[in-house]
Amino acid sequence: MTDVLEPRAIGRDLLRRDGGLKVRGTAVYADETPVPEGAGPPAYCRVVTSTVARGRIVDLDTTAAEALDGVQRVLTHATAEHLASTEDRELAVLQDAEVGFRGQIVAAVLADSDEIAREAAGLVEVRYAAEATNAELRAELRADRTDLYTPEKVNAGHETDTATGNMDDALALAPVTLERTYRTPMQHNNPMEPHATSALWTGTHLTLWDSTQSVHRVRDTVVQVFGLAPEQVRVVCPYVGGGFGSKGTPHANVVTAALAARALPGRLVRFALTRQEMFALAGHRTPTIQRLQLAAERDGTLRGIAIDVVEQTSKVKEFAEQTGVPTRTMYAAPNRRTTHRLAALDVPVPSWMRAPGECPGMFGPEVALDELAVELGIDPVELRIRNEPEVDPETGRPFSSRNLVACLRAGAERFGWADRDPEPGTRRVDGWWVGTGVAASVYPTIRMTKSTATVRREGDRYVGRIGAADLGTGAYTVLPQILADALGVDEARVDVLLGDTDLPEASVAGGSSGTTTWGSALVEAAREFRDEFGDDPREGDEAAADVPPNPAEQEYVMSAFGAQFAEVRVHADTGEVRVPRLYGVFACGRIVNPRTARSQLLGGMTMGLGMALHEQSLLDPRTGAVVNHDLAEYHVPANADVADLQAHWLDEDDPYVNPMGSKGVGEIGIVGTAAAVANAAWHATGVRVRDLPITLDKVLG
Amino acid sequence: MRPFAYDRPDTAAAAVAAVADRPDAAFLGGGTNLVDHLRLGIADPGLLVDVTSLTSTEIVDIDGGLRIGAGVTNADLAADPRVRARLPVLAAALLSGASGQLRNMATTGGNPLQRTRCPYFQDPASACNKRVPGSGCAAIGGATRNHAILGASEHCIATHPSDMAVALAALDTQVRILGPDGGRTLAFTDLHRLPGDTPEQDTELAHGELITAIDVSYPRGRHAYRKVRDRASYAFALVSVAAVLDVVDGTVLDARIALGGVAHTPWRAVRAEDTLRGGPATEEAFAAAAEAELADARPQPGFDGGNAFKIPLARRTLTATLRQTTPRETA
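As they're listed, the protein sequences go chains R and E.
Be aware that the first sequence starts at 1106, since it is given in my numbering, and climbs by one per residue.
Be aware that the second sequence starts at -12, since it is given in my numbering, and climbs by one per residue.
Some hints could be false.
[As the list claims (entries may be wrong)] Covered stretches of chain E, as calculated for chain R (at least 3 residues, CB under 8 Å):
hint: 1; stretch: 117 to 131
hint: 2; stretch: 215 to 222
hint: 3; stretch: 291 to 297
hint: 4; stretch: 303 to 312
To be clear, the hints were calculated from the coordinates, so they are not data collected in a lab.
Each residue gets a CB set at the ideal place from its N, CA and C atoms; glycine is no exception.
Take these sequences, add in the hints, and give me the full structure.
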């Protein structure tokens, strides 16, 4: 059990410290970085991207581009510097003539203005020897592909396959079985701020002002790729206009910016991806095909649960989404199987997108459970409660806290679930079929192993330092709350500086781990500080600490849980699907700041709503191109799609997770939302949609 | 994108002369479509002639209707009390289009002239007969959810994206045009072209011709505009219906109907109108009208599932919209 802080600042509904700057437009983002003193005039980078998905560049003519007034350099695989490491093929920018996906960077133009760079990029002539005709291109994910393979591990180091008991026997012996296939589409993160970097190479030293979820990860990557020493590279990122995972690992754009800066020493080079380029260069969520098998008693007790997942990766680099992982922990069942198979396709490199694994991986199972509830005539809330495990089914370890049942009950109460008539397609109001649905949410509570914080006395204030990132999540606001309570001082006397590799090393803002990890490091540093300097420190007194390991992690499984309830209306004439009510109730430990936490949960639920109804990247199997690569065609919810959206939480005391008693809130909101909406759409219409998004053509049938 | 010249003449006639003089010149209105196309590298004018202050921004009464200056923004037009009271189908269509920000920029003259919408047209790396005549049509067999079910050709299956134009096509609308040789008037329903084998030509306007105003007559009857789309706002129509039905004692005296999202043009539903006129305003008659209008509809297969669903969707939406224009007791 950890020593949990007495909450004084923690739990307060404090305003975002960076809110005013952002509202006034004075927060400086990567692409707006002022030209540092001593640097020459800024230069602008625009790239040329491949128009084939698999092949080789046979001719690349830059003559016209280079002849244009104001063009400084055109970098190609023939002229760009050789990188020290090309092991990560996603980052091996301009190193050879091979093309591995459509939209790959094949040239970079550096010019005195953005307009000149763009014009010059349009003048670069590229000829390819395409290695594949359209018919041969491998760009379509199907479960019957013969080239599926088993990855060694899946994302976050999870086992690829697991098996407990005997699922086949369970299916053979159980009185009720259900087998269904569910699909989620390819999706793309679309943060408002595109991936952008301003880069300056002084001859010995590289500075990157980069929009990233981890300045240290960018630094370490660039150090490795370019063969530099860590002290030669500084990465700065005060503000991020959204990331959702797409800025969690550096992509090719960062390497391109560094290449560009090194080609123009002394000039600040700006490089921002266009929205269209983001659909090839900033990662995506793989489409998933999920075969679910359930074996149950007539009273709903699960005898077996299995999920077999097929998904894609790029042949350029493997990323295996851990879609089957949540099924390992959600419900009690003595017989279980989870598997992952991949197809390596001629597609861009997949990567993290909010709640990788849990988000798609709680769609199939949570709809399957609803289908089982219907088949058994058991209320879907009750069916989940009946399968609540006493310990983690996968490891046999107890949960540090698990309040799924309490979330389901509280949500049902708040939503008015008790009066629900289970019969589908029977309620019509003003020309709309009306239905309700429920699904569960889960997200692990993750503490990263490396992060360091310092605490220093400056004037009459205390200043924490940690190279963490605030993606708009609230880190700038909640970390001072935590540090204040750790020091036992008023929150107004505490600052925490973030977003710079000159600050102590911090882990990535990902896996909903930021507050747990950075907060734990700050609390540890505060304890060191008080131990060393007492309650009356002198100016400049400073203590440092690493995030301590949490021994309780060996004894307990730590996760946040939640329940989401959706009301769906489907227009009787047109099939249009709307969600007038979406309520989430979560148990995610102690809430450090209700304002920023609610914003995270509502944001996750809104993104889950988009997953349910809108989001779908249309990858043309003939060309490997994402056809709908802009925000007019790739739909995310508009304001009018979001109606009565509510996020609530239970007071949950968990003494094991960390000194704050908090669990992450960044991702759980997106988990389960789509299933709740799909289940409600079935209840409204009687039409079961098993492949997302739920568009009107699918419900019209 | 390449450098272009920008000119802002003093009069509409001078603007027309400036564009007519140069084959690579284009008029610039609100810029909500053209500027996007410049950025995407799919429009490449050498000269932009800004007409935003050269055409009228007034809406004036004319006999039995309104003359809408080409410079009137979509936002102002939708808010005009006469439009709201007497042309509610137009107000509703305008407000269902784009976003508040775009409606503040888009103009009456420019909106109907936005190019047809197709992601393959907007991607310079894809084959497109509209962008490069003779290069082929990548949309056929591609992602076709938003593509045409009526009047398409083997050369182009794109759809016209405007909502405003669907309402104008249903109404009695005349387009006032200034060209190098003087003025002329064109029925709005004659403005847009089906793709045929020249999909690069969206309209019947000659190079250098400028829309200066649009005249709309007040129709008799009840109005409705119904737009069906994949999200609640800021999405192009999968199918939209503009309808004005004049029903007296249960009999349809006149019907004005147009469909959006289904063709290269705002689609005047002449067959549906003919079916209804003089007959009863009943559910059966509405269904028969919809059936008649969609009789020649053809789906486009696509890797995204294609757009066959739009044919029944158009029928259902048309029927529902006609129902909406009819007093309940007669429906």
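| said: Hint compliance check: list the failing hint numbers for this structure, sorted ascending. | reply: none
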